[in-house]
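Student: Each chain, letter by letter, is given below.
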Amino acid sequence: MNRRNFLKTAALGVGGILLPAKDSPASVWDAFFQKYYREMNDKEKKDVVARLEKEYEEKYKKHIKVKTNAPLPKVLYGYGLDLSRCVGCRRCVYACVTENNQSRNPQIQYITVLQFEQGEKWVSDLEESNKYYNPETVPAPEHFYMPVQCQQCEKPPCVKVCPTQATWKEPDGIVVVDYNWCIGCRYCMAACPYNARKFNWGEPTIPVDEINTETHYLGNRPRIKGSVEKCTFCIQRVRENPGRYPACVEVCPVGARKFGNLLDPESEIRVLIETKRVFRLKEELNTQPKFYYFFSL
Amino acid sequence: MTLLQFIRDLFKEITKGNKAYFVWLGLLSIVMLNALVSYIMQLNNGLIVTHMRDQVSWGFYISNFTFLVGVAAAAVILVIPSYIYHFKPIKEIVLFGEMMAVTAVLMCLMFITADLGKPLVAWHLFITPNFPRSILMWDVIVLNGYLILNTLAVFYVLFSAAHGREYKMVIMWPLVLISIPWAFSIHTVTAFLYNGLSSRPFWNASITAPRFIASAMCSGPALMILVFQIARKVSDIVVNDKAIFKIAELIAYAMGINLFLYASEIFKEFYSQSIHLAPMEYLFFGLKGHTLLVPFTWVAMVFNLTGFVIFMSPKLRNRFLFLNIACVLVFIGVYIEKGMGFVIPGFVPDTLGEIYDYLPSYIELSLSAGIWAFGAFFYTLLLKIAIPIYKGELSFLSHNMRHSLRDLHKPAVH
Amino acid sequence: MAGKLVYFLLLVVVMVAMPVYSEAQDNTTTMDNLTENDIPKFVTTKPQFTEGIFPCSNCHASMTPNRQRRELSFHTEIQLNHAKRQRWCLDCHDADNRNVLKLANGDHVTFEESYNLCGQCHGNIFRDWKTGIHGKRIGYWNGDKTYYLCVNCHNPHSPHFKPLKPLPMPAHPQDVTKVKSTTSIEVDGRKLYIPVYEK
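Just so you know, the protein sequences line up as chains B, Y and P, in that order. According to numbering that gives the first Met the number 0, the residues represented by the first sequence are 0 to 296, in order. According to numbering that gives the first Met the number 0, the residues represented by the second sequence are 0 to 413, in order. According to numbering that gives the first Met the number 0, the residues represented by the third sequence are 0 to 198, in order.
Derived from the structure by calculation, the hints contain no laboratory data. Using N, Cα and C, we set each Cβ at its ideal position, and we do this for glycine too. It is possible that part of the hints are untrue.
Which residues of chain B face chain P? A few of them, derived with a C-beta cut under 7 Å, are [as the list claims (entries may be wrong)]:
#1 K61
#2 C88
#3 Y93
#4 P105
#5 Y131
#6 P206
Please take these sequences and the hints and turn them into a complete structure.
Tutor: Have a look at this one:
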């Protein structure tokens, strides 16, 4: 940092950190005193969404729709991942980044694909894993892959520890974050056994032409520096009626990713739990994930 | 006579002093200003200016916080002998111990604030507190409670002294009675903060809270011994040697327990050789070629053990040279052991098995140094005004009465 | 619009046919005694043909079928790598009507319903495919789904998956701030911006 930048930084001081200076004072005020999402009534939600959409429009010069769809009744989302099929191509990682408007720089990715050597220790000892594999083609011989993302626990440790209740489990089982309510203490990150929570260490950046304009307040709306975020099973897609499959499910070139309603006995997730050998990651911690790894072979 | 006059007197008191006093304050101010610049940069750019990342999501700030909660809790090591056992030499200085607790808690709160991604919305804590589920909320409550308790105690003692009165035990007793278990609670809750996370096997050990308390009773008192000696050199505060040696004796016991508990933990991990050994291995021997913390760990071990040997021997610990060496060793030893040596291995390897070698960035170091400088600055000023008030030289009373009172007080203090 | 309508109608057919079919599955071990109407139809993606190759009758109509198993002098780009010793072209392709496929029982199925052909041998996988466990479905988790045909992912003549180039690995934690520039890569027709990190 050179002297001029330094002086600029110093001059901006505490005022500079509130919000971008070009915002109108009223909007700064509203943003700062924005209520807790779960305590907003419908009108307040509408006002907040209108303000956010305006903010986003100014920033990205694009209309970004922010939805606040409530959970669908009698739905509990579940996810299946076929470890016999996954080839570790990371298509899911980038589909997720694009769909969910994750920051490109600094980089945030919800899905981490772990590579293991065949015959090595794995499930209980992830130390043998390598997430920085980069061969010419995958699957690399003698290796197999296990993508990890938010497991949407029924007993989420992250929710338990959050001091401000800024993260909670919705009735449809999705663990969500009110980015505006999060104070950035990162206790949830320490509590999560799956490294599923990601922090906006710096100002998040999204390339404007890649931005997804269909967003949900609790999901992929553009995020703010200093708050925690995570996979929401693409809440902006799955909470529609009819609800679309999450982006990672649709992009997987080997069809390893399955998604459905755990309360519906006909859904693929239920059928696979009942007919395949399944396991949940770190089951001994009793977090009760709704993310099932299975073997189709 | 009036409050305004008293405040003017206080101000006069802190603005007079010798050259060393101003050089000291000046140096601390420079460090604090530098920290302020670092903090503004951190606020503007985000915590990306630290070396914390998703893999190691807490670092130097939280390490310092954890250590300082121990220093704050350590005030009990003066409170118990003075109010419960009426040990006079310590009773005379218990005020300064409580002042140290106040300072340490303030520093804790500053470290927590420094670590927040969005400190400006920290008020959300009080709108939707996740109480009693979140241990962090418990920590907020017990730390602030402890701050209030000790501030009240210090304020009341000084308030009485300023009015030329001895403080009344009727008022002190409840404060003392609450503050003793409360001191243990702040460190227990801070330990539970880590202890309750099943995702981090290194922290998820039942021995964490006892270990925290034991090590707190080493580092805090060691700091006090050093500070009291400096204070009595540079001011006319009177600290009886007996008080210092008593504190040193208590450190010996505390360090014995601390080492025993740590050894139990080390035995369990290394003998059972489960996969949860990894963080311990990272600390002591390095993991897969990552040996960043190894030298620190061994320095802490050697310092703690050497300190323990000195503290154990009355002959050695009653000689100031050895006592001071031991205090420095133990302070540094515990600072490493339960600062970085406790917080970082919780994240290494991370929950997906990745190893990220974390060391604080310049911003983290300078900001932390600034908070420590603030502590020293604040405590210096506290001492600067507390000593004359305590000795009756500075009071609400008229000038003439003040003089007669000073004579009255002198024998009592000496 | 019309396409959607067709899909919807097909889905209705599927939904009606599914229970009937699964009952039939329970009672019978082969599909021999099923009439063509009993075979369910799924909303599927289109089979991928080489440009200009379909309908096959364009060329084959004027040719006399040669039922002799042999090395072909045409279609040489097709490497049969699918139980090669047990089978050849006319086990699946119908000699008399090249526009359809032939089941073991002599029934014909269109290329859009080729799963019935694959399912003859791969029964377990066919069963999993129908419930959505094997293969890929896109669309709505609680509504219309489009099934990928077996042949959309597996080359029927050489069904083993071809290795893929993996997308870039995540940034190392110590490199997160060391972004030199950005570049874009094209993945399945979409552009992705990728940061370039200093080494």
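Student: If you check each hint against the structure, which ones fail?
Tutor: 1
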